[in-house]
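2 protein chains.
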Amino acid sequence: MKQTGTLYLLPNTISDGGWQNSIPDGVRDQALPIRHFIVENIRTARRYLRKIGFNTDFNEVQFFELNKHTLEQDIPQFLQALKANLDMAIISESGLPCVADPGNIVVALAQQQNIRVVPLVGPSSILMSLMASGFNGQNFAFVGYLPIDNGQKLKALKQLERKIFSENQTQIFIEAPYRNQKLFEFIVQHSQSNVKMCIAKEINGPKEWIKTKTIGEWKKQKADIQKYNTIFLLYK
Amino acid sequence: MKQTGTLYLLPNTISDGGWQNSIPDGVRDQALPIRHFIVENIRTARRYLRKIGFNTDFNEVQFFELNKHTLEQDIPQFLQALKANLDMAIISESGLPCVADPGNIVVALAQQQNIRVVPLVGPSSILMSLMASGFNGQNFAFVGYLPIDNGQKLKALKQLERKIFSENQTQIFIEAPYRNQKLFEFIVQHSQSNVKMCIAKEINGPKEWIKTKTIGEWKKQKADIQKYNTIFLLYK
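These protein sequences, in sequence, are chains A and B. For the first sequence, the numbering used here begins at 1 and goes up steadily by one. For the second sequence, the numbering used here begins at 1 and goes up steadily by one.
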């Protein structure tokens with residue numbers, strides 16, 4: 001069988017603090033020799049690489065952009081360097097590649113083609129919020145965004161509530177930051193008052209704030225989360 | 001309000017490789033000044049602390065053990081140092097504290113008592129396997145162990161299959177390492193042949209091996225996972 005390169009999955013920081021708080025030295029060292037990257041945004045990916053000490057001239061580096069503008073038929077070509085026995089890395093805009101971002105399309109192709117895929121360690125706001133919530137970490141689900149339409153949002157929220165009780169499963173979700181406050185108020189209005197909600201804001205950054213309260217208690221204390229990166233968690 | 005200490009959640013390594021591949025320098029630096037720890041096993045926690053450069057005499061360090069032998073009524077006392085305005089840390093035996101381990105009981109108490117909880121970055125075999133699977137990372141669930149009884153195991157497996165298709169949700173689970181091979185064969189025998197399974201073995205270690213195939217393909221290729229740390233993932 002022909003020798004292929006390795007596809008590394010390189011995490012990004014999730015806050016403005018120093019990268020040394022979230023990216024292990026050994027992970028940085030594995031990233032530095034790579035010359036072929038798949039990224040969501042070239043400009044911010046370059047800035048991240050410079051921050052962690054990647055000093056190679058960017059003229060000697062190949063970047064492919066994978067985001068909502070990428071045509072599906074272009075994606076298979078991204079893997080050419082791997083087939084030429086060169087290593088590549090996927091970098092996320094924030095946190096872990098392929099978790100709550102589209103990188104998994106490339107990984108699925110790599111797996112189909114028997115290319116070695118190596119995930120590297122980095123920060124996950126989803127799991128860090130789960131750790132700090134006090135909620136069940138032996139059974140949990142991340143469901144992305146709730147529907148925008150209020151009727152559908154209510155239906156989704158009620159389904160999450162059911163799973164908390166019937167499956168003993170922590171439910172984790174996110175919202176576009178400018179809609180955070182509205183979602184917070186929607187949940188407080190429509191959830192059972194004995195359900196617990198954890199609000200995890202600006203994880204790993206200087207404004208980090210993580211609080212768990214019952215819906216009844218949240219009714220009396222507002223959370224200041226508008227336009228901040230926030231994770232919502234529900235449990236009993 | 002009385003000033004309290006901070007409860008840090010300190011990840012552990014998940015493989016025998018150097019800790020520099022999985023614990024950021026900045027996380028290590030936050031752990032070194034701490035003198036009060038909640039751990040699953042004192043002996044292995046001490047060994048881990050020495051490995052990352054914790055040089056303080058252990059006679060000056062307080063350890064509480066939190067595991068299946070801990071009496072529930074003893075747990076509230078673990079938080080005394082925090083109330084005396086001293087920082088504490090929970091250390092897991094492997095990976096992230098409070099994810100697939102009992103640390104969340106202490107965090108829930110800390111949240112109730114308005115103690116600041118700070119999650120630190122480290123390796124998660126659950127999310128690293130998800131990243132490398134190529135499966136949906138925008139909607140996923142970790143459900144812990146499947147039931148041991150074969151009838152109940154089959155029922156659980158069929159429920160996971162349904163969620164893959166009806167909720168578009170990746171399903172992640174684990175097994176006691178000495179039962180891995182049996183579970184692999186059970187899944188291959190009972191799942192639809194078009195379902196995809198990712199087997200992620202010894203993540204972050206020298207024997208790391210992560211493969212995604214359809215159940216139909218797994219029928220033709222066995223996975224050598226008996227007694228290895230393994231994560232199982234199912235998706236369409």
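Keep in mind that a hint or two might mislead.
Heads up, simulated BS3-like pairs for lysine-lysine below, C-alpha to C-alpha not over 27 Å straight-line [unchecked claim]:
#1 A:155 - B:163
#2 A:207 - A:219
#3 B:182 - B:153
#4 B:207 - A:155
#5 B:2 - A:207
#6 B:222 - A:163
#7 B:155 - A:158
#8 A:236 - B:158
#9 A:68 - B:236
#10 B:207 - B:227
#11 A:155 - B:211
#12 B:220 - B:207
#13 B:83 - B:158
#14 B:83 - B:155
#15 A:2 - B:220
#16 A:83 - B:213
#17 A:222 - B:155
#18 B:153 - A:236
#19 B:182 - B:211
#20 A:227 - A:211
#21 A:236 - B:68
#22 A:153 - B:236
#23 B:211 - A:83
#24 B:68 - B:83
#25 A:158 - A:211
#26 A:153 - A:68
#27 B:207 - B:155
#28 B:222 - B:182
#29 B:222 - A:83
#30 B:68 - B:158
#31 A:207 - A:155
#32 A:158 - A:219
#33 B:227 - A:2
#34 A:155 - A:83
#35 A:207 - B:83
#36 B:207 - B:222
#37 A:2 - B:219
#38 B:2 - A:222
Honestly, the hints are just simulated from the structure, not real lab data.
Do the hints match the structure? See the list:
For a cut-off of 27 Å, the pair hint linking residue 155 (chain A) to residue 163 (chain B) stands: about 17 Å separates their Cα positions. Taking the CA atoms of residue 207 (chain A) and residue 219 (chain A), the gap is about 23 Å. The hint holds against a cut of 27 Å. This hinted pair checks out: residue 182 (chain B) and residue 153 (chain B) have alpha carbons roughly 12 Å apart, not beyond 27 Å. Between residue 207 (chain B) and residue 155 (chain A), the direct Cα distance comes to roughly 45 Å. Violation of the 27 Å bound is thereby established for this hinted pair.
At roughly 21 Å between alpha-carbon atoms, residue 2 (chain B) and residue 207 (chain A) fall within 27 Å of each other, so this suggested pair holds. Taking the CA atoms of residue 222 (chain B) and residue 163 (chain A), the gap is about 34 Å. The hint is violated against a cut of 27 Å. At most 27 Å may separate the alpha-carbon atoms for a hinted pair to count; residue 155 (chain B) and residue 158 (chain A) meet this at roughly 24 Å. For the suggested pair residue 236 (chain A) and residue 158 (chain B), the alpha carbons sit about 26 Å apart, so the restraint of at most 27 Å is met.
This hinted pair checks out: residue 68 (chain A) and residue 236 (chain B) have alpha carbons roughly 22 Å apart, not beyond 27 Å. Pair hint residue 207 (chain B) plus residue 227 (chain B) holds up; C-alpha atoms about 13 Å apart against a cutoff of 27 Å. Note on residue 155 (chain A) and residue 211 (chain B): the hinted pairing is violated, with a Cα-Cα distance of about 36 Å set against a maximum of 27 Å. With a CA separation close to 22 Å, the supplied pair residue 220 (chain B) and residue 207 (chain B) stays within the 27 Å bound.
With a C-alpha separation of about 47 Å, the suggested pair residue 83 (chain B) and residue 158 (chain B) falls outside the 27 Å cut-off, and the hint is violated. The straight-line distance between the Cα atoms of residue 83 (chain B) and residue 155 (chain B) is roughly 46 Å, outside the 27 Å bound, and the hint therefore fails. The hinted pair formed by residue 2 (chain A) and residue 220 (chain B) meets the criterion: a straight-line CA distance of about 21 Å does not exceed 27 Å. Pair hint residue 83 (chain A) plus residue 213 (chain B) holds up; C-alpha atoms about 20 Å apart against a cutoff of 27 Å.
Between residue 222 (chain A) and residue 155 (chain B), the direct Cα distance comes to roughly 42 Å. Violation of the 27 Å bound is thereby established for this hinted pair. Among the hinted pairs, residue 153 (chain B) with residue 236 (chain A) is consistent with the structure: their alpha-carbon atoms are about 25 Å apart, no more than 27 Å. Between residue 182 (chain B) and residue 211 (chain B), the direct Cα distance comes to roughly 18 Å. Compliance with the 27 Å bound is thereby established for this hinted pair. Pair hint residue 227 (chain A) plus residue 211 (chain A) holds up; C-alpha atoms about 17 Å apart against a cutoff of 27 Å.
For the hint linking residue 236 (chain A) to residue 68 (chain B), the alpha-carbon distance of about 22 Å falls within 27 Å, and the restraint holds. Distance check on the hinted pair: residue 153 (chain A) and residue 236 (chain B) sit about 25 Å apart at the alpha-carbon level, within 27 Å; holds. Simply put, residue 211 (chain B) and residue 83 (chain A) have alpha-carbon atoms about 18 Å apart, close enough for the 27 Å limit, and the pair holds. Of the supplied pair hints, the one linking residue 68 (chain B) and residue 83 (chain B) holds, its CA atoms being roughly 25 Å apart against a limit of 27 Å.
For the given pair, residue 158 (chain A) sits about 22 Å from residue 211 (chain A) by alpha-carbon distance, which is consistent with the 27 Å threshold. For the suggested pair residue 153 (chain A) and residue 68 (chain A), the alpha carbons sit about 24 Å apart, so the restraint of at most 27 Å is met. The suggested pairing of residue 207 (chain B) with residue 155 (chain B) is violated, with an alpha-carbon distance near 33 Å, which exceeds 27 Å. Under the criterion of a C-alpha separation no larger than 27 Å, the hint pairing residue 222 (chain B) with residue 182 (chain B) is consistent with the structure, at around 11 Å.
Taking the CA atoms of residue 222 (chain B) and residue 83 (chain A), the gap is near 25 Å; set against the 27 Å cutoff, the hint holds. Annotation: proposed proximity of residue 68 (chain B) to residue 158 (chain B) is violated, straight-line Cα distance about 30 Å (limit 27 Å). With a CA separation close to 33 Å, the supplied pair residue 207 (chain A) and residue 155 (chain A) exceeds the 27 Å bound. For the suggested pair residue 158 (chain A) and residue 219 (chain A), the alpha carbons sit about 18 Å apart, so the restraint of at most 27 Å is met.
The suggested pairing of residue 227 (chain B) with residue 2 (chain A) is violated, with an alpha-carbon distance near 31 Å, which exceeds 27 Å. Proposed proximity of residue 155 (chain A) and residue 83 (chain A) is contradicted: the alpha carbons are some 46 Å apart, above 27 Å. Simply put, residue 207 (chain A) and residue 83 (chain B) have alpha-carbon atoms about 23 Å apart, close enough for the 27 Å limit, and the pair holds. Using a Cα cut-off of 27 Å, the hinted pair residue 207 (chain B) and residue 222 (chain B) holds, with the two alpha carbons roughly 17 Å apart.
Between residue 2 (chain A) and residue 219 (chain B) the CA atoms are separated by roughly 24 Å; this keeps the pair inside 27 Å, and the hint holds. Only pairs whose Cα atoms come within 27 Å are accepted, and residue 2 (chain B) paired with residue 222 (chain A) is accepted, the gap being roughly 22 Å.
Hint compliance for this structure: hints 4, 6, 11, 13, 14, 17, 27, 30, 31, 33, 34 are not met, and every other hint is.
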